[in-house]
Structures are given as C-alpha cells and as structure tokens.
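2 protein chains.
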Amino acid sequence: MIKKYYLLSPGPTPVPEKVLAKAALPIIHHRSAEFSDAFMEMTEGMQYIFQTKNDVYTLTSSGTGAMETAIVNLLSPGDKIITINGGKFGERWGQIARVYGIEVVEIIVDWGTALSLEKLEETLKANPDAKAVFTQLSETSTGSVYDVKGYAEVVSKTDAILVVDGISGLGAAKCPMDEWKINVLLTGSQKSLMIPPGLAFISFDDKAWKLVESSTLPKYYFDMKKARKSLAKRTTPYTPAVSLVYQQAEAIKLIKEQTIEGILEHHAILGKATREAVKAMGLELFSKVPGNILTSVKTPEGVDGKKLVKTMQSKYLAYISGAQDPMKGKFFRIAHLGYMGAFDVITALTALEMALLDEGYKLELGKGVAMAQKILREEWK
Amino acid sequence: MIKKYYLLSPGPTPVPEKVLAKAALPIIHHRSAEFSDAFMEMTEGMQYIFQTKNDVYTLTSSGTGAMETAIVNLLSPGDKIITINGGKFGERWGQIARVYGIEVVEIIVDWGTALSLEKLEETLKANPDAKAVFTQLSETSTGSVYDVKGYAEVVSKTDAILVVDGISGLGAAKCPMDEWKINVLLTGSQKSLMIPPGLAFISFDDKAWKLVESSTLPKYYFDMKKARKSLAKRTTPYTPAVSLVYQQAEAIKLIKEQTIEGILEHHAILGKATREAVKAMGLELFSKVPGNILTSVKTPEGVDGKKLVKTMQSKYLAYISGAQDPMKGKFFRIAHLGYMGAFDVITALTALEMALLDEGYKLELGKGVAMAQKILREEWK
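Heads up: the sequence lines are chains A and B, in that order. The first sequence begins at 0 in numbering that gives the first Met the number 0 and counts up by one. The second sequence begins at 0 in numbering that gives the first Met the number 0 and counts up by one.
Keep in mind that the hints were calculated from the coordinates and are not lab data. Worth double-checking, as some hints may not be accurate.
Unchecked claim - For lysine-lysine, the following DSSO-like pairs were computed, each having C-alpha atoms within a straight-line distance of at most 27 angstroms:
1. B/17 x A/3
2. A/278 x B/361
3. B/361 x B/380
4. B/3 x A/366
5. B/118 x A/373
6. B/309 x A/380
7. A/361 x A/87
8. B/2 x A/373
9. B/287 x A/271
10. A/366 x B/17
11. A/309 x B/17
12. A/228 x A/218
13. B/252 x A/21
14. B/148 x A/373
15. B/79 x A/366
16. B/148 x B/79
17. A/2 x B/17
18. B/366 x A/297
19. B/297 x B/366
20. A/380 x B/361
21. B/180 x B/287
22. A/3 x B/361
Claimed, not checked - Computed far set for chain A versus chain B, every beta-carbon distance over 12 angstroms:
23. 3
24. 100
25. 121
26. 153
27. 225
28. 229
29. 231
30. 288
31. 326
32. 339
33. 372
34. 377
35. 378
What the hints assert, rightly or not - Computed footprint of chain B on chain A; a stretch qualifies when at least three of its residues, placed anywhere within it, have a C-beta under 8 angstroms from a C-beta of chain B:
36. 200-208
37. 289-303
Keep in mind it's a predicted model, so treat the numbers as computed, not measured. Where is the CB? At the ideal position from N, CA and C, for every residue including glycine.
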C-alpha cells in the first residue's frame, strides 16, 4: 500500500500547507528593514499568544534552549530554586540547574498526578531563600496539565518568581501570562505554534527582570540583556532562523483567525473525544490530570506496550509516541495538538483499534471510533 | 475548530509532500539540456505507467485537452466514429467530435452499467466505415470501470481503432496499452498520477499513427506530428509547464517504488473497504460495475442528496463529490485514488456517517468504519 505518514506525536506537529510554503520564500538578510518588519509582526503576534504586554524574545533553539535561557539569565552561582518534577521535563529543570551549580529543591510528583497548592506553599515556606519555582504548564511526558494559575497565586505572595515551561502547553491550554501573574513564560515552535522545530520564545515580567539584572551565571548566546537591547532595535543579537520567522508569522495569522479562545476550545473537543474513545475501547487513562494536548493511555494487560507503539508507527504509519524511561511500555501518548484536526484524532483511534487487535487485545473494531464520532459531531463548530 | 481540508474527490487528488516541494525548484529554461533530462526522465516513466513502447506525448493542458488532441489528430471532416456514452465523460467524446463536424454513432449506456461486447460488435458491424471507437477506462461520473481489454479485442478485429480515456483510470485500474492492443491511450496529471492539474499525456500505436498521418482536421497547439518531431529532439513543440514536469518525474519515482502491480493492489484494498463500509451503513452502490478509483453511493431515501454533499464539503471539510447533472442529488462519489491512503478512506467514511446522521438518516455511528477497519487490517501490506 502507499506509504502515508501521520504525525500524531506531541511535537513536532503537522505544519499547515500555507505555513510550509513560506519556507520557500527568499532568504533576505536578517538586518534588512524588510526582515525587521516580518520579525516584529511575529513578535507582536507572540505577545498575543502569551497574552502579555511584556517583550517576547525569540531564540533560534529548541525549547530546551529556552529552558536553559531561563536558568542562566535568572540565577547566580549558589542560588536555590524549587522545581516540580512530575515527568521528563520537570526533571530537566533540575538537570540544567545543577550543571550551573544551582541548589535544587526538587518536589517529586508521581507521574500523571499534580502537585497540590498546599505542598507548594509548604515547600516555599521551608525554603524562603528559594529564588524561583520552575514548573511545566503541560508535562509532555505524561499529558498532565498543571494548575499554573494556582501556582502563580501561591508564588506571587513570596519573593520567589514562577517560571513556566509552556513548550507543549501554550496555545493548547489556557495560560494568560499577565492575568495569571506568571513571571517567566517560555515555549517552542514545533507544538501548538504549528511550525517546524527551531524557534523558541521567552518572556519576563518586571519581577523576573530584577533577577536578570543581578544574575551572574555565564551566558553568551542566550543572554537576555542583549536580546532586550536588540529587540528595541527590531532585531535579534545573533542570526535568527529567517525562514522559520516567516513561517511563525504566517502560523500566528491562522491562530489569530481562530482566536486564542477558539483554539483552546478546539483542543478541548479533540481531547474529550480522544479520552472518551479510549475509555470506550476498555482502556484506562494514565494521567489523573489529563490536559487537551495529548492523552496518555495505559497499555492494557497482556499487550506488549513497546510492540504496540511500534505497530502503530511502523505498520500503520500513525506516529504516536510511547512513554519515556522509566515508564517505557507502560503507557503510550496520542497527541491532539496544534494543526491536528478531528480526522487526525479519528486516524489515531482507528489505527489504535487495529493495532490493539494485532497485538492480541480483544476489542470490537469501531467502538472507540464511534464514541469519538459522537462527541465530535455533537461539539462540531 | 481548526479548518483542515480533506480532498476526497476523483481529481484533483492529494499531492505527496515530496512532490509538492518540487514546485519550488528554480524554473530553468525549457530548451536547456538540464530540462530535457528531466523531461525525458518523466517521459520514459510515463511509458512505464502506460506499459507501452510507443512514445508518450506530454501536453500542457487538462485531460479534456488530451481528448480533443485524440479527435483532431485522428480524424478528418465527415469521418464517422462510435462513442460509448455511459456518463459525463463518455458524452464529452461526442460533444468534441461534433464541434469538428464528425459523424457520431453514440452508444448510450445507462449510467452505472457497462456496454456488452456483443453490443459493441454489433455496432461496429452496422458501421463498418467507423474510423474509431472512443471509450473511458473509468467513467469518472459514475465510478464504473469498463472492460477495455474486451473492447480492444473486439475493435482489433476491425479496421477501426480504440481510443481510451484513462484520465481517472490509468494507474488505478489495470490498463497495459501494448498487451491489450489499445491504439490510443490518454490521461491527466491530477488523478492517480499524484500531481496538480495541468499536464496530460497521450500515446498512439502504429495503427493509430496511420490515421494521424492522413487526418485533416485543423489543429495547431495539439498537433501530434509536431509533438513527435519535438520528442525526437527531447522536447515539446511549445513551452511545457516546467514545474509540473519536475513534479511528475518525482511522482513517477514514488509510483515505481510501489510498482504498477503494488499501486493497483493498493487501490483494490481501498475500493473494497469503501464499498463494504457503505454497504454496512445500509447504503447501496450506484454502479453495477464499480472500480477501485471511486465509489458512487446512492443517496438513501429521505435524505437530501445535495445537502448531504454540502454538509460533507462545508461542515466536515471532507471534500467528496456529488453526482453531476442529470443525476445531481441521486448519488455521491467518494474517491480513493492516487495519493490517498487507508486513513483517507477512514476520514471519508467517518465524516459520511456523521453527515448522514446530521441529514436525518438513521444509522449506528462506527458501523461502516468498523467494516473498513476490518478489511484494511486483514489486507494491510
């Protein structure tokens, strides 16, 4: 049969055709006035997505680069921070910080659960010298969405700041930076921002800027004081990924047409359809706090979880994601993120039913799909 | 919700991403040696698809241009021809011929049925002066596939030639030009050839060339004697659509990787899955001789056929086709053609179930989809 590949993982996500086409535009010089116009259009659009009046800085890097940018610009050697570790990306905050000699108070949260506000308050009280709390909006490794609004309320009552990794979450889960008083928010381009990997974005509020001013950790490429000076001149300190900037500007147009509220609702419908469909297949959700970015599903008993994912990816070319170490094989992840539509969810679910049968799970074909159809049809907008 | 558009009509069909990207190559001059190389690579690839040793000529036109090319190059004023009219495209043969003062013996065939070999023999016997028989391989307006092999056997016993419109059929229904002794075969680029509209292809065998030599109908752009001279010099008489030639060369690579046999089998699986799925929804096939290019399905009683198609196209953005005049509203057409895969069929069927419910038809969601899943899984290769 014809090989047709479906990207159903939580990043990179499919890129709309109109956005793809922008990569074929001529690469103009990044110091030209013409490029500055495109760059500023994108930057202002990103403020709409961040829902902030703060500057948003563009990095030519992956999302991890933006995480490191936060650490190296906010902290100084010997500083103490609190990180919320409920999965691979929460763990990463601690890994980066320790490389730079930062003292890390790591709140370990069971994968698929969320930290309570009480526990966060307690930890802050026990560590009044902590400079910052680092969290995810959406923990991509489990599909959990955290109560960032609540975390921000708790943290704002202290001297610490809240740093939010919105890499897979921003644009698919509600996260208005200014309204929720988030001090630092960052994201990457290849998730709900609908463009290929390669750009990341970060924004700091005034409380965070005070830390930036006094930070002494070493940095050069990721130096945000330089980025601020450059942005005032409508540019970046170093060469940006020109074609990705064009693409991001175009993708923001599509997002603006839908509005932030419309995009969130879209994700809510796809998330609900996916969750109810897998339950109708007799499967169990892995996360107790699932968001609408991706759905993590426990591998049913008697099925080899790694083989199931391989069958989905290699036989049906429906590229969902497995779980990461140490949970490999225990669950799998179906994304419904960015430029994925109702029929991408249907593709994932149809292939999943077929793959489950292949791997020896007893189920009635079409049952989960029918549940998704029912929800999609009822909620169709 | 995010607007995501699915092309599920019998042309234009989806273009593979690798093929789309070729449109962004620089437009080199069409008389350069570099372009000639690309053009000849495509031309030789087209011989593989036509399964012929004859030259295949490239036209920058739609498929209808290739139909007119056949008429004006084979015939002379006052000539008589036989056309098989079992739908919109069979009818078109007669329309073109009459414009040029050709006498047309039109065999009217009920839409969705096929002409018997006996009836064809009879008509040829009654019209021994007929220069040619004009047929479709696949009548796109109904999804019927004709017995071209049988027609060729019948016609080859006479002085007449057989001209086959393979526009929607070639590459999705078996049609080896040389083996079946087809005298003229033509097709268009936007169906199973997997590129955008704009190119058409036509090939003549020696018996047909005799008619071309003596034809006196007026022609300039479509003059095949000029095309033959140009092809000997590795080029076309007039400027070809350069970017489409690149794209066609790339698409042929994909087709060759699959092999003709593999591509036919792919279409056979998708066709079977679609037919059985709509039957499982309680619907009836329209054509009595359905092929694997598209499936025409009768509008069930109590449902407004035009509204159903509109709901599919405008609400679910699953762009299937309605029936054409005079059958508008009576049936609809789901294509599974070219670069459409198993999950495109699933998308069409899922949306169809939802749209049928919207339009008041009673059905159980997921039932047709489950049938398609069953067949696709069993036959998956």
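Going through the hints against the structure:
no.: 1; hint: B/17 x A/3; verdict: holds (12 angstroms)
no.: 2; hint: A/278 x B/361; verdict: holds (25 angstroms)
no.: 3; hint: B/361 x B/380; verdict: violated (34 angstroms)
no.: 4; hint: B/3 x A/366; verdict: holds (24 angstroms)
no.: 5; hint: B/118 x A/373; verdict: violated (50 angstroms)
no.: 6; hint: B/309 x A/380; verdict: holds (16 angstroms)
no.: 7; hint: A/361 x A/87; verdict: violated (32 angstroms)
no.: 8; hint: B/2 x A/373; verdict: holds (19 angstroms)
no.: 9; hint: B/287 x A/271; verdict: violated (41 angstroms)
no.: 10; hint: A/366 x B/17; verdict: violated (35 angstroms)
no.: 11; hint: A/309 x B/17; verdict: holds (24 angstroms)
no.: 12; hint: A/228 x A/218; verdict: holds (16 angstroms)
no.: 13; hint: B/252 x A/21; verdict: holds (26 angstroms)
no.: 14; hint: B/148 x A/373; verdict: violated (46 angstroms)
no.: 15; hint: B/79 x A/366; verdict: violated (58 angstroms)
no.: 16; hint: B/148 x B/79; verdict: holds (23 angstroms)
no.: 17; hint: A/2 x B/17; verdict: holds (12 angstroms)
no.: 18; hint: B/366 x A/297; verdict: holds (26 angstroms)
no.: 19; hint: B/297 x B/366; verdict: holds (18 angstroms)
no.: 20; hint: A/380 x B/361; verdict: holds (22 angstroms)
no.: 21; hint: B/180 x B/287; verdict: holds (26 angstroms)
no.: 22; hint: A/3 x B/361; verdict: violated (33 angstroms)
no.: 23; hint: 3; verdict: violated (3 angstroms)
no.: 24; hint: 100; verdict: holds (44 angstroms)
no.: 25; hint: 121; verdict: holds (41 angstroms)
no.: 26; hint: 153; verdict: holds (34 angstroms)
no.: 27; hint: 225; verdict: holds (35 angstroms)
no.: 28; hint: 229; verdict: holds (31 angstroms)
no.: 29; hint: 231; verdict: holds (35 angstroms)
no.: 30; hint: 288; verdict: holds (24 angstroms)
no.: 31; hint: 326; verdict: holds (28 angstroms)
no.: 32; hint: 339; verdict: violated (8 angstroms)
no.: 33; hint: 372; verdict: violated (4 angstroms)
no.: 34; hint: 377; verdict: violated (10 angstroms)
no.: 35; hint: 378; verdict: violated (8 angstroms)
no.: 36; hint: 200-208; verdict: violated (count 0)
no.: 37; hint: 289-303; verdict: violated (count 0)
Checked against the numbered hints above, the structure violates hints 3, 5, 7, 9, 10, 14, 15, 22, 23, 32, 33, 34, 35, 36 and 37; every other hint is satisfied.
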